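> The residues making up each chain are set out below.
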Amino acid sequence: NAGVTQTPKFQVLKTGQSMTLQCAQDMNHNSMYWYRQDPGMGLRLIYYSASEGTTDKGEVPNGYNVSRLNKREFSLRLESAAPSQTSVYFCACNRVRGTNQPQHFGDGTRLSIL
Amino acid sequence: EDQVTQSPEALRLQEGESSSLNCSYTVSGLRGLFWYRQDPGKGPEFLFTLYSAGEEKEKERLKATLTKKESFLHITAPKPEDSATYLCAVPRGQGGKLIFGQGTELSVKP
Chain S
1 NAGVTQTPKF QVLKTGQSMT LQCAQDMNHN SMYWYRQDPG MGLRLIYYSA SEGTTDKGEV
61 PNGYNVSRLN KREFSLRLES AAPSQTSVYF CACNRVRGTN QPQHFGDGTR LSIL
Chain L
1 EDQVTQSPEA LRLQEGESSS LNCSYTVSGL RGLFWYRQDP GKGPEFLFTL YSAGEEKEKE
61 RLKATLTKKE SFLHITAPKP EDSATYLCAV PRGQGGKLIF GQGTELSVKP
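Chains S and L are the protein sequences, given in the same order. Just so we're aligned: 105 in the working numbering is position 105 of the first sequence, and the numbers increase by one with no gaps anywhere. Just so we're aligned: 19 in the working numbering is position 19 of the second sequence, and the numbers increase by one with no gaps anywhere.
Hints were generated in silico from the structure; no laboratory data involved. Computed from a predicted structure; not experimentally measured. A few of these clues could be false.
Said to hold, decoys possible - With a Cα cut of at most 30 Å, we get these calculated DSSO-like pairs of lysine-lysine:
| id | chain 1 | residue 1 | chain 2 | residue 2 |
| --- | --- | --- | --- | --- |
| 1 | L | K42 | L | K79 |
| 2 | S | K57 | L | K97 |
| 3 | L | K79 | L | K59 |
| 4 | S | K57 | L | K69 |
| 5 | L | K97 | L | K68 |
| 6 | L | K97 | L | K57 |
| 7 | L | K109 | L | K63 |
| 8 | S | K9 | L | K42 |
| 9 | L | K59 | L | K109 |
| 10 | S | K57 | S | K14 |
| 11 | L | K63 | L | K42 |
| 12 | L | K97 | L | K42 |
| 13 | L | K59 | L | K42 |
| 14 | L | K79 | L | K109 |
| 15 | S | K9 | S | K57 |
| 16 | L | K42 | S | K57 |
| 17 | S | K9 | L | K97 |
| 18 | L | K69 | L | K79 |
| 19 | L | K69 | L | K59 |
| 20 | L | K42 | S | K14 |
| 21 | S | K71 | S | K57 |
| 22 | L | K42 | L | K109 |
| 23 | L | K97 | S | K71 |
| 24 | S | K71 | L | K42 |
Claimed, not checked - Simulated restraints on C-beta separations:
| id | chain 1 | residue 1 | chain 2 | residue 2 | range |
| --- | --- | --- | --- | --- | --- |
| 25 | L | E17 | S | T54 | 24 to 34 Å |
| 26 | S | N28 | L | K42 | 15 to 25 Å |
| 27 | L | E55 | S | T15 | 44 to 54 Å |
| 28 | S | N62 | L | T67 | 31 to 41 Å |
Using N, Cα and C, we set each Cβ at its ideal position, and we do this for glycine too.
Whole structure, please, built from the sequences with the hints as guidance.
See the structure below:
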């Protein structure tokens with residue numbers, strides 16, 4: 001089925017370790033996004049990529065880096081994980097940069113930092 | 001500051017008991033409002049887009065409406081399978097960025 005695939009689904013890290021979360025979409029969409037979801041905070045945008053070759057900061061970018069590898073893939077990297085980065089991470093995409101296009105989400109990566 | 005607020009935070013209904021969820025927003029120049037459903041352990045699933053005040057969209061037991069200040073998600077005769085967290089979101093700025101509300105957790109008991 002067409003959609004957004006995130007790997008891994010679960011991960012436990014120790015403070016200071018690094019990790020890359022992977023996201024791939026087969027919907028042929030141009031824009032891709034990374035969010036984190038925390039209890040009581042809702043979904044917050046970390047980084048986004050309006051099109052292949054471009055990336056921009058969202059609401060909470062500190063401690064993260066991203067790479068738009070090609071049109072299909074958008075990865076999120078934690079260089080030195082901190083307990084405050086324990087969260088559920090969602091990748092999303094939409095067809096064009098326009099704001100009236102709904103975003104479609106993957107099923108998330110549940111990340112725990114000890 | 002652009003803001004999206006959902007109420008109530010949690011709602012418990014008996015099967016067949018109709019109700020409404022609210023999403024109020026303060027954004028300049030609304031360019032659409034999205035409703036999503038999120039099941040435990042899953043990502044948000046797109047339900048509706050509303051573009052202008054007065055617009056209504058329906059899907060099965062769900063009906064979404066939009067005014068200039070808020071949106072409602074009406075649930076008619078809900079079933080246990082309607083249990084989920086319902087999120088609303090509005091665009092902000094350029095680049096397709098969205099602001100999400102914190103969601104309403106709906107529980108429907110048989």
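> Now look at each hint and say whether the structure bears it out.
A quick look at each hint next to the structure:
{"no.": "1", "hint": "L:K42 x L:K79", "verdict": "20 Å, holds"}
{"no.": "2", "hint": "S:K57 x L:K97", "verdict": "11 Å, holds"}
{"no.": "3", "hint": "L:K79 x L:K59", "verdict": "14 Å, holds"}
{"no.": "4", "hint": "S:K57 x L:K69", "verdict": "28 Å, holds"}
{"no.": "5", "hint": "L:K97 x L:K68", "verdict": "20 Å, holds"}
{"no.": "6", "hint": "L:K97 x L:K57", "verdict": "23 Å, holds"}
{"no.": "7", "hint": "L:K109 x L:K63", "verdict": "20 Å, holds"}
{"no.": "8", "hint": "S:K9 x L:K42", "verdict": "10 Å, holds"}
{"no.": "9", "hint": "L:K59 x L:K109", "verdict": "21 Å, holds"}
{"no.": "10", "hint": "S:K57 x S:K14", "verdict": "25 Å, holds"}
{"no.": "11", "hint": "L:K63 x L:K42", "verdict": "22 Å, holds"}
{"no.": "12", "hint": "L:K97 x L:K42", "verdict": "21 Å, holds"}
{"no.": "13", "hint": "L:K59 x L:K42", "verdict": "20 Å, holds"}
{"no.": "14", "hint": "L:K79 x L:K109", "verdict": "8 Å, holds"}
{"no.": "15", "hint": "S:K9 x S:K57", "verdict": "24 Å, holds"}
{"no.": "16", "hint": "L:K42 x S:K57", "verdict": "25 Å, holds"}
{"no.": "17", "hint": "S:K9 x L:K97", "verdict": "24 Å, holds"}
{"no.": "18", "hint": "L:K69 x L:K79", "verdict": "29 Å, holds"}
{"no.": "19", "hint": "L:K69 x L:K59", "verdict": "22 Å, holds"}
{"no.": "20", "hint": "L:K42 x S:K14", "verdict": "25 Å, holds"}
{"no.": "21", "hint": "S:K71 x S:K57", "verdict": "18 Å, holds"}
{"no.": "22", "hint": "L:K42 x L:K109", "verdict": "21 Å, holds"}
{"no.": "23", "hint": "L:K97 x S:K71", "verdict": "18 Å, holds"}
{"no.": "24", "hint": "S:K71 x L:K42", "verdict": "24 Å, holds"}
{"no.": "25", "hint": "L:E17 x S:T54: 24 to 34 Å", "verdict": "48 Å, violated"}
{"no.": "26", "hint": "S:N28 x L:K42: 15 to 25 Å", "verdict": "23 Å, holds"}
{"no.": "27", "hint": "L:E55 x S:T15: 44 to 54 Å", "verdict": "48 Å, holds"}
{"no.": "28", "hint": "S:N62 x L:T67: 31 to 41 Å", "verdict": "37 Å, holds"}
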